[in-house]
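The chain contents come next:
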Amino acid sequence: MAQSDATTSQPTASSLGAMPTGRRWNKLRAAVEGYLYLTPTLIGLTLFVFWPIVSSLNLSLQRISPFGNRFRYVGLDNYIKTLTSPDYWETVRVTLFFVLGTVPTGLILSVALAIALAYPLGRMDPVYRTLIFVPVVISSAVTGVLFKWLYHPVVGYINYGLLQLGFIQTMQEGPNWFADKTWALVAVIVATTWRQLGFNVIVALAGVQNIDESYYDAAKVDGANAWQRIRHITLPLISPTLFFLLIINVIYSFQAFGEIDVLTQGGPGRATTNMVYSIYRIAFVDARDRGLASAQAYLLALMILIMSYIQFATVNKRVHYQ
Amino acid sequence: MSTVTTIAKIRPRRIDRTGLTIHLFLLITGLLISTPIIIAFFTSFKEPNQIVTYPPYLLPKHWTFANYATAWTATPFGRHLLNSTIQSGAIVIFQVAFSVSAAYAFANLEFPGRDWLFYLVIGSLMVPFELVFIPNFVFISSIGWANTYQGLVAPFMASAFGVFMLRQFFLTVPKELHDAAKIDGASNWRYMWQILVPVSKGSIGAFAIFAFLSAWNQYLWPLIITNSDQMRTLQIGIRFFMNTLERGADWGPIMAGSMIAMGPTLVIFLVAQRQLVKGIAMTGLKG
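Top to bottom, those sequences are chains A and B.
Using my numbering, read the first sequence as starting at 1 and increasing by one per residue.
Using my numbering, read the second sequence as starting at 1001 and increasing by one per residue.
There may be inaccurate statements among the hints.
Here are the simulated DMTMM-like cross-link-like pairs (lysine to aspartate or glutamate), alpha carbons at most 25 Å apart as the crow flies [to be verified]:
hint, chain 1, residue 1, chain 2, residue 2
1, A, Lys27, B, Asp1179
2, B, Lys1201, B, Glu1110
3, A, Lys181, A, Glu90
4, A, Lys27, B, Asp1016
5, B, Lys1278, A, Glu213
6, A, Lys27, B, Glu1110
7, B, Lys1201, A, Glu90
8, B, Lys1182, B, Asp1115
9, B, Lys1175, B, Glu1110
10, A, Lys27, B, Asp1184
11, B, Lys1175, B, Asp1115
12, B, Lys1201, B, Glu1176
13, A, Lys27, B, Asp1115
14, B, Lys1175, A, Glu33
15, A, Lys181, A, Glu33
16, A, Lys317, A, Asp212
17, A, Lys181, A, Asp286
18, A, Lys220, B, Asp1016
19, B, Lys1278, A, Asp125
20, B, Lys1061, B, Glu1047
21, B, Lys1278, A, Asp212
22, B, Lys1182, B, Glu1110
23, A, Lys81, A, Asp217
24, B, Lys1182, A, Asp125
Some chain A residues flagged as far from chain B (calculated, every beta-carbon gap over 10 Å) [as the list claims (entries may be wrong)]:
hint, residue
25, Phe48
26, Leu61
27, Arg70
28, Tyr73
29, Asp77
30, Asp87
31, Ile108
32, Gly223
33, Gln255
34, Asp261
35, Tyr280
36, Ala293
37, Ile306
38, Val319
Keep in mind that the hints were calculated from the coordinates and are not lab data.
The beta carbon of each residue, even a glycine, is placed where N, CA and C say it ideally should be.
Modelling step: build the complete structure from the supplied sequences, incorporating the hints.
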């Protein structure tokens, strides 16, 4: 979109030299002005995004004392130490399990809700929207606190609900959410999926509403039923939105932190310590070894990059762009 | 447009089974989704001895503000509220000002390297925060900004997302407006503030709301960069508050604290839902 107007009046190097001084002065002034408008943003991004990419790499090659005052270059030691540690691979396993637990459920639920919300709902429309969108404004910290209360093993609403629905006979039979390794991970997955749902439904609904009404009219003429219309019109036409949601959700799940810190602090044992939580603990809580933590941060970034690449290479082919 | 849809809606219809199923599905799922917040709301108004009960029940028998009073005095929630307000307010102001000016340059001005710089800015969106937060912590600490407002705000003053979103919008503003302003002798600076910004206030507002929410709800950075109760934001305050009170099972004040922490964002959600949804939907459609 921008390329066309960017190239129209840009002078080549030779024409610049041949220009009268007045015009050249104006060009120079315009260029300087453009850069001035960008300066605050570029300084901010350079200091806090671009430069840290380099300095993080440098940190990952150092052995750093806990107070951060002594550095020693150790080459790839931190990476070797990480990749040969069973604890690290456990965090990778937890991370992947977490992604598998949150992303598919979140996407399926949000598409179903988006399709339902796109139906003409009359006066109830804003009510449903409010009830369903609301998690989008809740923070990960508050989500953690709310679910900690809901998961209470003795008087919690969730176990009480399971009891009422007949899944368990007494409250004692219900899962002791944060003492059990598997249930603790499930608990964190449910809480995170819940918070992410508001965002997902909003984006998915925008995708559904973006579909031109005429496609449905044509399908109705052809006698397609509701399910056929969803299957052959809605889903293919929102596939770019779904693909965007898939990528974003996988990245977000890789970065889950707040709910874990509030609900389980990585426990019991290391059952909910994902890669990010491990980086945080190593850098700021346990060993305070920021060299080792930086190496793990690099490995995490690399993994996110690879995952995104795989999705682009495999899923993107099946996305239907209009 | 609304008249057309209204006519379609009031037209009498047969009892539509699909419609009924959809209404039921939305009502039940909607209530389930908002349950955690509804429970927190009612719990925060229950009397302390009615909170941990079996079986649990929803509505308070007697409404009381006691939990809010306890939360407010047991921990400096007032101070946390002030900290969050300053931190989020500053972040929003900087992000809006910086993004408007950069987006304007990318959309309307011509200078060498413009497109290349734009891709650089967009590229920064792909960098996960985990990759940069340790060096940022080291840097902010080394200049003595740990545990200060500057330290909370500085890493988030520039927003690549804001630049991208506003540039996309500025590109839709007719170029003739810019030319006309120039002919009238307005400088670029004046055009930006007196014409472009007022014309785009819907989009800028949507971005500002979005920026406020992300700033207010931040967790990892405020957690590591603050180390005293006096400098913590609400999100971090509620975490420490819960950890100290949990053993005493003091859930009333904890829920009151949660209501304080999510209050401002809930209010924004209820009064500015349309702009908020617009801002979020834009992330999906343009991506």
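Here is what the structure says about each hint:
no.: 1; hint: A:Lys27 / B:Asp1179; result: 17 Å, holds
no.: 2; hint: B:Lys1201 / B:Glu1110; result: 24 Å, holds
no.: 3; hint: A:Lys181 / A:Glu90; result: 13 Å, holds
no.: 4; hint: A:Lys27 / B:Asp1016; result: 66 Å, violated
no.: 5; hint: B:Lys1278 / A:Glu213; result: 20 Å, holds
no.: 6; hint: A:Lys27 / B:Glu1110; result: 9 Å, holds
no.: 7; hint: B:Lys1201 / A:Glu90; result: 49 Å, violated
no.: 8; hint: B:Lys1182 / B:Asp1115; result: 23 Å, holds
no.: 9; hint: B:Lys1175 / B:Glu1110; result: 13 Å, holds
no.: 10; hint: A:Lys27 / B:Asp1184; result: 20 Å, holds
no.: 11; hint: B:Lys1175 / B:Asp1115; result: 18 Å, holds
no.: 12; hint: B:Lys1201 / B:Glu1176; result: 19 Å, holds
no.: 13; hint: A:Lys27 / B:Asp1115; result: 17 Å, holds
no.: 14; hint: B:Lys1175 / A:Glu33; result: 19 Å, holds
no.: 15; hint: A:Lys181 / A:Glu33; result: 58 Å, violated
no.: 16; hint: A:Lys317 / A:Asp212; result: 23 Å, holds
no.: 17; hint: A:Lys181 / A:Asp286; result: 21 Å, holds
no.: 18; hint: A:Lys220 / B:Asp1016; result: 16 Å, holds
no.: 19; hint: B:Lys1278 / A:Asp125; result: 16 Å, holds
no.: 20; hint: B:Lys1061 / B:Glu1047; result: 8 Å, holds
no.: 21; hint: B:Lys1278 / A:Asp212; result: 19 Å, holds
no.: 22; hint: B:Lys1182 / B:Glu1110; result: 15 Å, holds
no.: 23; hint: A:Lys81 / A:Asp217; result: 61 Å, violated
no.: 24; hint: B:Lys1182 / A:Asp125; result: 46 Å, violated
no.: 25; hint: Phe48; result: 4 Å, violated
no.: 26; hint: Leu61; result: 13 Å, holds
no.: 27; hint: Arg70; result: 13 Å, holds
no.: 28; hint: Tyr73; result: 16 Å, holds
no.: 29; hint: Asp77; result: 17 Å, holds
no.: 30; hint: Asp87; result: 18 Å, holds
no.: 31; hint: Ile108; result: 12 Å, holds
no.: 32; hint: Gly223; result: 16 Å, holds
no.: 33; hint: Gln255; result: 6 Å, violated
no.: 34; hint: Asp261; result: 7 Å, violated
no.: 35; hint: Tyr280; result: 7 Å, violated
no.: 36; hint: Ala293; result: 6 Å, violated
no.: 37; hint: Ile306; result: 13 Å, holds
no.: 38; hint: Val319; result: 12 Å, holds
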